[in-house]
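Peer 1: Could you put the whole structure together from the sequences, leaning on the hints where they help?
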Amino acid sequence: MLPGWLIVVTSFGYLSLLFAIAYFADRRGRQGHPVVNNPTVYALSIAVYCTAWTFYGSVGRAVSSGAGFLPIYLGPTLMFALGWVVIRKILRISKVHRTTSIADFIASRYGKSHLLGGLVTIIAVVGIMPYIALQLKAVASSFTVVLHYPDLSGAAAVTSLSPLRDTALWVAALMAAFSILFGTRHIDATEHHQGMVLAIAFESVVKLVAFTAVGLFVTYGIFDGFGDLFTQAAADPRIAPLLTLAPAGNDWLPLTGLAMIAMVCLPRQFQVTIVENVEESHLNKAIWLFPLYLLVINVFVLPIAFAGLLRFPLGTVDHDMFVLALPMAEASPGLALLAFVGGLSAATGMVIVETVALSTMLCNDLVMPMLLRFAWLHLAEHKDLSGLLLTIRRTAIIIILAMGYLFFRFIGESYALVAIGLMSFAAAAQFGPAIIGGIYWKGGSRRGALAGISAGFLIWIYTLLLPSFARSDWLPMSFIESGPWGIELLKPYALLGLTGYSSIAHSLIWSLFFNVAIFVGVSLLDRQSTIERIQAALFVDIFRHAGSGTSTGMLHGRVSIGDLRAMAERFLGRDRARDAFSEYARRRGRSIEPGGQADGELVQFVERRLSGAIGAASARVMIASTVKGEGVGFEEIMQILDETSQVLEYSRQLEQKSRELEKASGDLKAANARLTELDRMKDDFLSTVTHELRTPLTSIRSFSEILHDSPDLELGERQQFLTIIIRESERLTRLINQVLDLSRIESGRMKWVMSEVDLVEVVEHAVASMRHLFEEKQVGLKVFKPELVPMVRADRDQLIQLVINLLSNAQKFVPSGTGEVAVEVTCGRNTLLVSVADNGPGIPYHEQDKIFERFHQVRSGKTGNPLGSGLGLAICRGIVEHLGGRLWVESTPGYGATFYFSLPAIHADAHA
Amino acid sequence: MKSILVVEDEPNIVLSLQFLMKKAGFEVRVANDGEEALALVQDRAPDLILLDVMIPKRDGFDVCQTIRANPDWKDVYIILLTAKGREVDREKGIALGANDYVTKPFSTRDLTEKVKQILSGG
Amino acid sequence: MAAHESDHAEPTVQAAQGYLNDRLIALAALGALLFHPLFIGLFEAPLLVMGIPLLFLYLFGIWVLLIIALAVTTETAPAATIERDDIGSGSF
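Here the protein sequences line up with chains A, B and C, keeping their order.
Here the numbering used here is used: position 783 in the first sequence is 783, and no number is missing along the way.
Here the numbering used here is used: position 46 in the second sequence is 46, and no number is missing along the way.
Here the numbering used here is used: position 82 in the third sequence is 82, and no number is missing along the way.
Listed next, the in silico DSS-like pairs over lysine-lysine satisfying Cα-Cα at most 30 angstroms (straight line):
id, chain 1, residue 1, chain 2, residue 2
1, B, Lys23, B, Lys84
2, B, Lys2, B, Lys116
3, A, Lys777, A, Lys850
4, A, Lys777, B, Lys57
5, B, Lys2, B, Lys22
6, A, Lys812, B, Lys84
7, B, Lys74, B, Lys114
8, A, Lys777, A, Lys812
9, B, Lys57, A, Lys812
10, B, Lys114, B, Lys2
11, B, Lys116, B, Lys84
12, A, Lys850, B, Lys92
13, B, Lys84, A, Lys850
14, B, Lys92, B, Lys116
15, A, Lys850, B, Lys57
16, A, Lys850, A, Lys812
Partial pick of chain A residues on the chain B-facing surface, computed with a CB cut under 8 angstroms:
id, residue
17, Ser687
18, Thr690
19, Leu697
20, Thr698
21, Ser699
22, Arg701
23, Ser702
24, Phe703
25, Ile706
26, Asp709
27, Ile724
If you're looking for bench data, these hints aren't it; they were derived computationally from the structure.
Just so it is clear, CB atoms sit at the ideal spot from N, CA and C, and this is done for glycine as well.
Peer 2: Spelled out as structure tokens, the structure:
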């Protein structure tokens with residue numbers, strides 16, 4: 001018997017040491033001197049596998065089944081022999097995908113399924129929480145044993161102590177504090193909890209030392225070595241059967257398999273082996289070091305078991321407590337205290353890692369997805385959810401430990417709790433098919449995994465959990481003995497008539513059978529979604545091509561957000577890429593750090609964005625080569641990108657060309673329309689010209705024929721007809737000349753003889769040449785001119801022709817006798833202005849612009865006959881405009897018309 | 001005595017047609033624009049009209065259409081005269097009810113023969 | 001596409017890894033066979049060797065040998081996979 005205070009002080013002293021170690025490791029880590037970057041620490045941390053259930057329970061199990069406890073440790077040994085194949089693959093995948101827990105891993109593999117992650121989390125919590133209770137119970141029981149030995153009657157009352165005096169409560173509280181302090185340091189659950197890992201490794205050493213010390217003491221202190229012990233054991237009829245394989249029964253193989261699967265499926269093992277792994281190469285050492293640890297810690301299990309059986313009368317000491325009872329019985333309280341601390345370390349190590357693992361799963365795969373689904377929380381709009389994440393994880397740790405404690409308090413003595421050790425294994429084993437199938441078989445689908453895991457878990461409940469309830473008297477025993485409603489085939493321990501196995505093996509066989517069958521069956525019938533296919537390929541082909549850890553090889557399967565963004569920028573442009581990424585961040589409710597790993601969803605998101613830019617097929621190729629690797633290095637991807645960019649640039653140019661072409665074709669269309677218009681105008685023009693030509697031609701021909709056919713015409717008539725022919729011929733000639741002039745002016749082929757011209761002289765010249773026509777028609781013609789006018793630069797002959805045309809035009813419209821035409825030259829500031837005014841009928845307002853158009857004829861008001869070819873004014877305007885001037889008309893109908901034209905004065909220019 | 005209406009705004013062509021038709025022995029009246037032409041038809045319908053298309057006020061097509069709209073004048077023979085040689089103009093004229101279509105410059109002999117034939121045969 | 005750099009740069013490493021892979025799978029298979037109840041049953045004789053039951057000697061002996069084989073296999077393999085993970089994001 002040990003004094004209570006000593007046990008308490010030792011316990012809390014030990015736990016304080018754990019805190020100190022963890023604090024030390026974390027501080028060193030922050031200072032850049034990681035102490036856990038060490039394969040031995042890694043292997044020792046994996047030994048968290050050996051819990052209090054191992055520390056105390058292995059002996060108990062050996063007592064009942066001899067070597068039958070060994071499969072629980074041979075399984076992990078075999079699994080680690082396969083470590084290079086299975087664990088390394090899971091490790092690589094998890095690093096690439098930044099897996100935070102086993103729930104995360106499974107959810108990620110099957111298309112980031114929240115449903116699957118939640119299911120795995122719930123199963124893990126249901127299966128593992130009682131296991132935590134079991135650890136607390138072990139602590140409480142061991143405390144009672146060392147406190148009360150040899151009066152062990154009090155040991156049965158561990159659950160009836162007042163909570164304040166209950167070691168388990170204090171241990172649980174301290175474990176909660178430890179887990180919160182060292183297990184939730186970072187938001188990113190993939191960042192390593194160095195303090196926790198080092199503390200766990202330390203605990204592994206402690207429990208190994210403690211157990212081995214007890215073993216050595218028993219073997220060489222109480223007995224005279226192994227030979228003596230085994231010889232005595234072999235001679236004992238109670239023990240002799242334990243020296244054969246018979247007590248292990250048919251469970252050997254199923255339990256070996258169960259332990260193998262548990263190595264990867266137990267949340268705490270996944271945590272230390274996968275999530276907390278610092279370097280993949282550390283696995284190499286763990287492959288042999290961890291099995292060695294298991295070997296060493298198990299060497300003395302049988303000796304202690306046999307010694308206990310030999311030493312204690314049957315039924316006086318709980319077999320599970322032989323480890324403590326033997327040193328106590330042999331009056332070695334110090335060793336007993338060490339054994340107690342060893343058991344404490346085994347329990348606390350398991351509790352710490354398990355709560356951290358479960359809290360991460362609860363937070364990331366159950367609570368957050370649900371919270372984010374509630375729109376009214378507006379969580380998605382928060383930029384920084386790290387505080388919330390940590391709060392959820394810490395709350396989860398407290399809840400898990402509180403529930404573990406309550407489990408222990410209220411059902412601590414029931415069969416359900418005692419049996420929970422292997423039952424937990426069996427529950428966790430349900431993840432096995434989804435994990436192993438998931439990393440080797442691309443066909444495994446989300447629905448397949450959901451159905452398989454659900455089926456396995458239901459079988460587990462039916463064949464293990466419910467019967468354990470029955471054996472705890474919470475259900476009638478008839479449920480076990482004759483099956484529900486007396487249906488034999490449904491007996492939970494002999495489902496479908498399967499017998500000859502322990503309940504654990506029986507449950508494992510059926511649950512895994514249905515699990516695997518349904519997983520495979522549903523997957524085969526199922527159609528995977530795109531993201532499932534992508535994730536399946538990413539997981540299964542993680543080692544594709546690049547087996548080595550070279551820098552380029554590293555890239556297969558992993559792409560950082562920064563790189564992804566760089567790629568997106570190349571295709572989408574900086575602004576659109578930025579918008580896309582911030583949109584993604586907003587939707588996911590996470591900030592995205594450029595250095596982080598892009599998860600499948602981001603990749604798919606980017607792929608979709610890329611599809612918009614470079615087409616779905618190209619985007620698929622780009623994403624596949626970036627993320628999956630296929631041995632493509634980053635440089636090569638960038639090269640492809642550049643090439644693709646060039647192609648893109650080319651197509652952009654093409655697009656631009658085609659736009660230009662479109663524009664050109666638009667121009668062409670316009671030009672064509674214009675041409676059509678011009679053609680129509682030309683047609684009209686020709687038609688008009690033809691008309692104008694044919695009219696005089698008609699007269700000429702008619703009278704010629706008349707003259708020809710009528711030799712008997714009178715002389716007067718003959719003379720008249722000949723005059724008409726001459727006039728019409730002149731008209732025809734004039735018309736042809738005008739058409740040619742106009743065409744020359746309009747096409748710019750007119751030969752201009754430019755010189756400095758005195759406009760007054762030009763006007764006088766024109767007036768002189770027209771004078772006789774005016775006199776003939778009895779029309780007055782007056783000229784007004786200033787004394788001195790500046791010169792203009794013009795073609796003199798054309799200018800004279802212009803004035804003549806205007807005079808001729810005026811003369812045609814004014815009435816004979818009373819008609820008057822006045823020509824005036826005036827000087828403006830920089831221009832010279834010539835006006836030709838008449839007192840004719842004037843021009844209707846609507847005609848005033850049209851008269852300058854070709855062939856627009858103003859008909860004489862009286863006869864309606866056209867008075868010209870209709871080309872004169874068009875030619876005039878052409879001449880004036882060519883000389884840089886303007887020609888227009890002002891007229892009030894009924895009060896004559898005045899034509900003006902202006903020309904720039906070169907004199908004024910010289911002064912300016 | 002058959003009556004002919006010459007509708008034409010070009011005085012020299014009027015003069016030649018007037019000379020030819022009179023010489024062929026027909027009564028000739030002259031209109032210088034479309035309105036005058038219709039007024040003369042209203043006054044007394046001629047047997048044949050030599051109708052220029054390009055005339056002031058109401059053009060030849062208009063005059064032709066108006067005449068054809070009145071059943072009283074359905075027997076009036078209309079020959080369109082035009083300086084525009086386009087086929088569309090010809091088709092338009094025929095479609096509006098003209099009986100014949102002559103393009104300027106025309107052969108005086110052919111026109112005279114044609115008119116004579118129409119008025120003697122009709 | 002340009003050849004993967006590591007293809008020609010480190011063929012020995014890849015070959016060695018393949019070799020290691022095969023040997024470890026073979027050891028796991030051998031372990032599974034030797035730990036199979038049918039095989040273990042052969043050593044079930046009620047016989048003490050050096051005071052130790054043959055069954056236990058066999059089980060722990062095979063276990064020890066397997067661990068030694070694993071150690072030799074992995075520790076003599078070329079240091080192929082030196083993949084440093086980011087311990088704290090600062091060093092990445």
